[in-house]
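*Asks:* Sequence:
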Amino acid sequence: MFFNRTTPIKIIKERLMGTIIKPLASQLHRPSPTSKALVLASMLGLGLSACQPNTVEQTDTAVKNDNENVSVTQINQTATTGKPVVYQVFTRLYGNTNTTNKAWGTIAENGVGKFSDFTDVALQDIKSLGTTHLWYTGVPHHALVNDYTAYGIGNDDPDVVKGRAGSPYAVKDYYNVNPDLAYNPATRLAEFEALIDRTHANGMQVIIDIVPNHVARNYHSISAPKGEPDFGANDDKTNTYSRHNNFYYVVGEDFQVPQASDGYLPLGGETHPLIDAKFAESPAKWTGNGSRLAKPDANDWYETVKINYGVKPDGSHDFPALPNDYANKTAAEHLAFWQAQAADDIPDSWRKFEHIAQYWLAKGVDGFRYDMAEMVPVEFWSYLNSHIKHTNPNAFILAEVYNPDLYRDYIHLGKMDYLYDKVDLYDTLKAIIQGKASTAAIATVQAKVSDIDQHMLHFLENHDEQRINTVDFAGNPFNALPAMVVSTTLSRSPTLLYFGQDVGESGAENAGFGQPTRTSIFDYVGVSAHQRWMNNGKFDGGQSTSDEKTLRGYYQTLLNFSHTATALSGEYRELDSLQRQNKVVGYDDSVFAFSRFSDTQQLIIVSNFSQVQGKQFTLELPSSLIQAWHLLGNTKLTDLLKNAQLNQQLILNKDGSASVDIELSPLQSVILNVANKT
1 MFFNRTTPIK IIKERLMGTI IKPLASQLHR PSPTSKALVL ASMLGLGLSA CQPNTVEQTD
61 TAVKNDNENV SVTQINQTAT TGKPVVYQVF TRLYGNTNTT NKAWGTIAEN GVGKFSDFTD
121 VALQDIKSLG TTHLWYTGVP HHALVNDYTA YGIGNDDPDV VKGRAGSPYA VKDYYNVNPD
181 LAYNPATRLA EFEALIDRTH ANGMQVIIDI VPNHVARNYH SISAPKGEPD FGANDDKTNT
241 YSRHNNFYYV VGEDFQVPQA SDGYLPLGGE THPLIDAKFA ESPAKWTGNG SRLAKPDAND
301 WYETVKINYG VKPDGSHDFP ALPNDYANKT AAEHLAFWQA QAADDIPDSW RKFEHIAQYW
361 LAKGVDGFRY DMAEMVPVEF WSYLNSHIKH TNPNAFILAE VYNPDLYRDY IHLGKMDYLY
421 DKVDLYDTLK AIIQGKASTA AIATVQAKVS DIDQHMLHFL ENHDEQRINT VDFAGNPFNA
481 LPAMVVSTTL SRSPTLLYFG QDVGESGAEN AGFGQPTRTS IFDYVGVSAH QRWMNNGKFD
541 GGQSTSDEKT LRGYYQTLLN FSHTATALSG EYRELDSLQR QNKVVGYDDS VFAFSRFSDT
601 QQLIIVSNFS QVQGKQFTLE LPSSLIQAWH LLGNTKLTDL LKNAQLNQQL ILNKDGSASV
661 DIELSPLQSV ILNVANKT
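Heads up, the sequence shown is in the UniProt record's numbering, so the first residue is 1 and it goes up one at a time.
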């Protein structure tokens with residue numbers, strides 16, 4: 001069974017933590033994050049002293065929760081030696097304090113967040129979650145329904161815009177930023193440049209989106225550098241395909257707006273001077289998802305057009321092939337390969353996107369997240385990423401790829417740093433939370449990527465996925481904590497946290513184009529649980545509920561631990577199979593155990609996914625693991641999630657194996673540090 005939203009939170013917490021937790025409201029009255037964290041630690045047994053946020057002196061760099069400015073001289077640069085923690089924020093929504101949430105509402109009705117909402121206080125609050133990289137989603141100027149003609153920006157036609165605020169993945173000008181996000185649209189680029197500087201000063205790196213597969217149907221840059229032609233400006237529109245065309249064309253046919261389905265009306269049926277079920281485009285271009293029809297289907301990505309990368313309509317390639325042995329070559333060697341090719345052999349679209357990436361790198365952006373990367377040939381990624389790494393060897397490159405058969409090509413040949421681990425790990429953990437799969441599946445999916453585990457980004461939420469706190473996912477945010485522990489500690493990969501996840505955001509609003517269970521990326525809307533934590537810019541949880549604060553403390557502890565624990569950058573041994581083979585009494589399909597270790601740290605991590613049953617068993621450890629740990633004899637065990645030393649210790653057997661007694665409450669996880677007694 002699942003807890004529903006009416007289940008008393010006290011019961012959930014008792015089962016999760018194995019203890020009675022008193023209400024927080026009377027004990028937390030606008031405290032500093034440090035004092036708040038200590039209160040949470042004492043009540044939840046969270047070991048914050050063992051894994052503080054990434055600051056050298058906590059007392060000097062703690063987030064201030066009043067109206068005082070934080071001096072950037074007090075802010076230390078984030079350590080970059082541990083596992084990265086990526087905080088994804090939907091920039092348009094993050095700072096919005098308006099709670100109206102009218103379906104299809106305008107900015108005047110529903111509000112909108114701004115770049116300036118990311119104050120030093122806000123950024124230090126984000127950093128306190130262990131964040132190393134801040135992914136600002138929705139920054140490049142995309143199609144939207146708002147009038148900025150006073151700033152030289154042409155209006156977008158609602159017939160080819162999804163929602164009122166528009167999709168951030170229908171970019172209309174890669175050389176500027178969304179004017180909605182600026183207090184003064186005329187200086188919008190300077191406002192974002194200032195945010196880049198603030199983010200760096202607060203010890204985090206900046207990631208933005210690049211969407212190479214498609215652009216907005218109404219793409220037109222008014223900000224491109226001199227001599228940089230628009231996409232399609234020099235295309236030969238008499239041909240369906242040409243190597244140096246940026247688009248594909250339906251020659252002889254004009255574009256037609258799709259026939260609406262399910263009663264859909266642009267802007268929810270509102271009258272607008274541009275809504276007429278028409279959009280002038282002649283000849284019609286192929287649609288972003290590959291539809292070759294002049295009149296695409298309503299379920300196609302009709303607001304976008306497909307970019308031509310030198311892939312002919314029959315699927316054959318019209319560019320140099322990358323030799324297979326380049327899977328083992330460096331980014332510098334890839335760059336040399338492309339520099340040796342004849343200029344005319346490189347499709348024009350490749351050069352355009354390389355120029356775009358270099359433009360943003362020059363402005364201080366530290367990396368990119370690539371939307372739908374597998375829809376673009378891997379050779380292009382080799383070309384683009386080798387150029388990026390030449391400019392910034394430490395650039396953070398993340399790609400959305402869902403086909404496991406392509407993972408290694410996009411990592412080794414495409415020179416990606418990280419790919420989504422969605423199809424295997426995310427889907428598996430979601431199924432376990434919902435009672436549809438055994439925890440044994442975790443070991444299976446992890447084994448599939450054992451050779452590339454450090455490249456697979458882990459997450460439980462992002463802008464595309466359902467919020468955890470929905471009946472269609474976990475039913476309650478606490479039900480997902482065992483999965484979050486496993487996801488965060490299972491491998492050497494980065495962890496992604498979506499804004500609002502740490503306070504149990506439910507995405508329950510009917511925003512207009514976007515529907516409940518996902519926070520809408522198409523509409524102007526408020527994010528209620530996040531708004532309560534934000535507390536009108538104080539970022540102190542002053543309006544948050546007790547359980548939201550409790551959840552926040554758990555995430556804060558776990559993510560900071562993941563970034564600083566040396567074992568999580570070391571080796572992995574799954575322990576699940578051994579328990580099942582030996583039929584360990586009490587170990588079942590709702591429990592998962594594994595070990596992480598380095599030369600300086602040995603961990604046993606065990607999670608109980610059951611929402612109703614506690615677990616008690618003797619965990620068996622193989623002799624090969626004990627040998628790898630180099631234990632000298634008597635040991636001590638410390639639960640790093642509670643920062644508490646346990647009474648029991650490892651029992652060493654004559655054959656070199658060992659065992660340890662484990663007792664878990666429902667939904668409880670333990671991260672046991674194993675050390676020699678001194």
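These aren't lab readings, by the way, just hints derived from the structure by calculation. Misleading hints may appear alongside valid ones.
Quick list of in silico lysine to aspartate or glutamate cross-link-like pairs, EDC-like style, CA-CA up to 20 Å [claimed, not checked]:
(1) K102 <-> E270
(2) K295 <-> D345
(3) K278 <-> D300
(4) K422 <-> E465
(5) K295 <-> D318
(6) K352 <-> D300
(7) K329 <-> D409
(8) K538 <-> D117
(9) K237 <-> D314
(10) K389 <-> D424
Per label pair, the in silico range of CB-to-CB distance [said to hold, decoys possible]:
(11) N234 <-> T517: 40 to 48 Å
(12) N394 <-> Y359: 16 to 24 Å
(13) A321 <-> G614: 52 to 60 Å
(14) R492 <-> H272: 24 to 32 Å
(15) T444 <-> G263: 39 to 47 Å
(16) D262 <-> K583: 45 to 53 Å
(17) T99 <-> A343: 51 to 59 Å
Glycine is no exception: its CB is placed at the ideal position from the N, C-alpha and C atoms.
*Asks:* Taking the hints in turn, state whether each one holds.
*Replies:* Results for each hint:
1. K102 <-> E270: holds, 13 Å
2. K295 <-> D345: Distance of about 32 Å is beyond 20 Å: violated.
3. K278 <-> D300: holds, 16 Å
4. K422 <-> E465: holds, 10 Å
5. K295 <-> D318: violated, 27 Å
6. K352 <-> D300: The hint is violated at about 25 Å.
7. K329 <-> D409: holds, 13 Å
8. K538 <-> D117: holds, 11 Å
9. K237 <-> D314: Given pair K237, D314 holds - Cα atoms ~18 Å apart, limit 20 Å.
10. K389 <-> D424: Given pair K389, D424 is violated - Cα atoms ~28 Å apart, limit 20 Å.
11. N234 <-> T517: 40 to 48 Å: Since N234 and T517 have Cβ atoms about 44 Å apart, the given range 40 to 48 Å holds.
12. N394 <-> Y359: 16 to 24 Å: holds, 18 Å
13. A321 <-> G614: 52 to 60 Å: 58 Å Cβ-Cβ, so the 52 to 60 Å window holds.
14. R492 <-> H272: 24 to 32 Å: violated, 50 Å
15. T444 <-> G263: 39 to 47 Å: Since the Cβ atoms of T444 and G263 sit about 43 Å apart, the hinted range of 39 to 47 Å holds.
16. D262 <-> K583: 45 to 53 Å: holds, 51 Å
17. T99 <-> A343: 51 to 59 Å: holds, 55 Å
The structure shown violates the earlier hints numbered 2, 5, 6, 10 and 14.
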